[in-house]
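Here is what each chain is made of, one letter per residue.
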Amino acid sequence: MDVNEKAKQLLEAGTVQAVAGFQTGTRGVRRPVFLRRAEDTGRMVFDPGCRQNLAQYATRTPVKRLGRLALTLRPSGIRALLQLMAERQIQEPDVLALAVDPDGQVTELATAEAMEAHLALTADPIPAEDQALMDRLDRMTRAERWAFWRNELSRCIKCYACRSSCPMCYCGQCTMDCNRPQWVPPPSHGLGNLEYHMVRAMHLAGRCVRCGDCGRACPVGIPIHLLTFHTEAAVQAQFGQRAGASAKLDYALSTFRPDDQETFIR
Amino acid sequence: MANLYQLSSTSLDALFAALRADGRRILAPTDRDGHSELNPVQTPADVARDCMQTTLSAKGAVFPKVEQLLGYRLAPGQVQLADPERRAEPTVLFGIRPCEAAGFQALDAVFNWDTRDAFFNARMANLAVIAMSCTRSDEACFCTSVGGGPGATGGSDILLTPTAGGYLAEVLSDRGRAIQALAPELFSPAPADAHKADLLAQVPVAFDQPALTAKLPALFDSPLWEEQSLRCLGCGACAFVCPTCVCFDIQEEGDKQGGRRLRTWDACGFSQFTLHASGHNPRPTQAARWRQRVYHKFSIYPDRYGQLGCVGCGKCTRACPVDMNLREHLLQASQAQR
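Going line by line, the protein sequences match chains A and B. For the first sequence, counting from 1, position 57 maps to 57 in my numbering; every step adds exactly one. For the second sequence, counting from 1, position 110 maps to 110 in my numbering; every step adds exactly one.
Calculated directly from the structure, the hints in this document are not laboratory data. Be careful, since some hints might not be right.
[What the hints assert, rightly or not] Restricting the straight-line Cα-Cα distance to at most 20 Å, the calculated cross-link-like pairs of lysine to aspartate or glutamate (EDC-like) are:
(1) B/Lys65 with A/Glu195
(2) A/Lys64 with A/Asp47
(3) A/Lys64 with B/Glu227
[Claimed, not checked] In silico contact screen, one side only, chain B against chain A (beta carbon under 7 Å); selected entries:
(4) Lys65
(5) Gln68
(6) Leu262
[Unchecked claim] Every beta carbon over 12 Å from chain A, so not counted as near; a handful from chain B, in silico:
(7) Leu81
(8) Lys196
(9) Leu199
(10) Asp208
(11) Leu275
(12) Ile300
(13) Tyr301
Predicted model only: the values in this text are computed from it and were never measured. Cβ atoms here follow ideal geometry from the backbone N, Cα and C, with glycine treated the same way.
Build the full structure now, drawing on both the sequences and the hints.
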């Protein structure tokens, strides 16, 4: 069953009240659409051009208000839903994940368990182009890497598209916007940009689901997703835990256990 | 037309050299690091080929993303204020599109509405625009629906239109004539059979703007805005790439010894933009903020300044991570029953 047939079936049966999917927009780009009526379902698409992680809408009030939501998702989207469940931002019954395989067939993943099982069997590699740039960055000296990011971040205009597009950036009020007290300078000068992106990278350490939406959203083309890819990989290497692997995940960087093997924590 | 000339394609080298010899910085579209953006250039070879539009607009040349408005030093019992050095380098914007050139008029409407903005005006006074007519357009473009066009001259000092062997050059203002006077030998009379209109992109009119402007007040409570904004992420990409979006924030940065006051770009799409100190937010939803964006450009601007706050460049549409297509949304509003 393809995305249109599945959406029609789900809406007709009343299993969900809305389906988040993609349709073709300006210049052929794929953009999100929220369908609420079975008769509107014919024009959905799901192909390699559908890159956006629709899980990001699962925490948005106007979308939540539509009712139970089905979402057509790539692996990173499923991962995001699980991570959102682990962080208690959504609950299993709120959403219905629709995994779409490369030939367009849809599999319903109705439970967190089904989503976990699906992910365990699905390859979700870092895109080759990103991996190549990450490897290049790893080979740089610290000074070269600093120069690379300084040059890239000098383009930042602080439109916050990276934050707004991130499925894991769901805070109602972001620390970046806090002005009593003001933790981070809002202007997009050198310090303001650097502090913002450092905070974002650290805040997503071990939480990034590697969808790459932040980098794609950046209007000036900064490969900003590589920072969170990197911090996610570091947490995975240190703690053996990947973001969104399960709906019951203790966040590695904020979990305290009396029986922790490290002595410093006691 | 008396002000119509032709320039050979090779004459741009000499024109750039003459501008630089006159002490002017030339900003033009470049492909630096694979990004389409305005940068200082030395020669025409530095200018990006086939750049339809840069991502960011040319407004940064007169309204930078961050600028210092004042500085101060604190000493016991006294405050020393200091005006920052106004950096208004003589600048020529080369190769921007007619829509962006028109954008300066919309910026001017706000920056000189009541108080005359010294920072903006200092840069505008030192700016000349050599724009380039459009020979192609895309689905995001709608200049012809908002009073512009692929060869519109408003806001340009010289407008170049590409021809087979060079450019038609319209010299449109005193500033344009001053540039012409730097290298008059490059400007030869245009051939009698030169028809600019034949060289331009075709941009069909998408909607009836005066009718839309007249209709908007009645659409304030329409469900349209919530429907359109459902996918909106609430970032500021549209506002920051926009050649006419003028909203800014004032920030203080300082310590016990002194500090500075900065002006930075701000965006009506941000949830904090209208947040009051009381905690009340008159635009509490993205739908209200999206509606404001449309109304500011198509209802409030005409009402207050007698001009539109949109030039139809389509930059917002191209920059939007979720393809909030302004042309399409305005067309929907034009067709909406309620």
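- Hint check against the structure, violated hint numbers in rising order: 2, 5, 11
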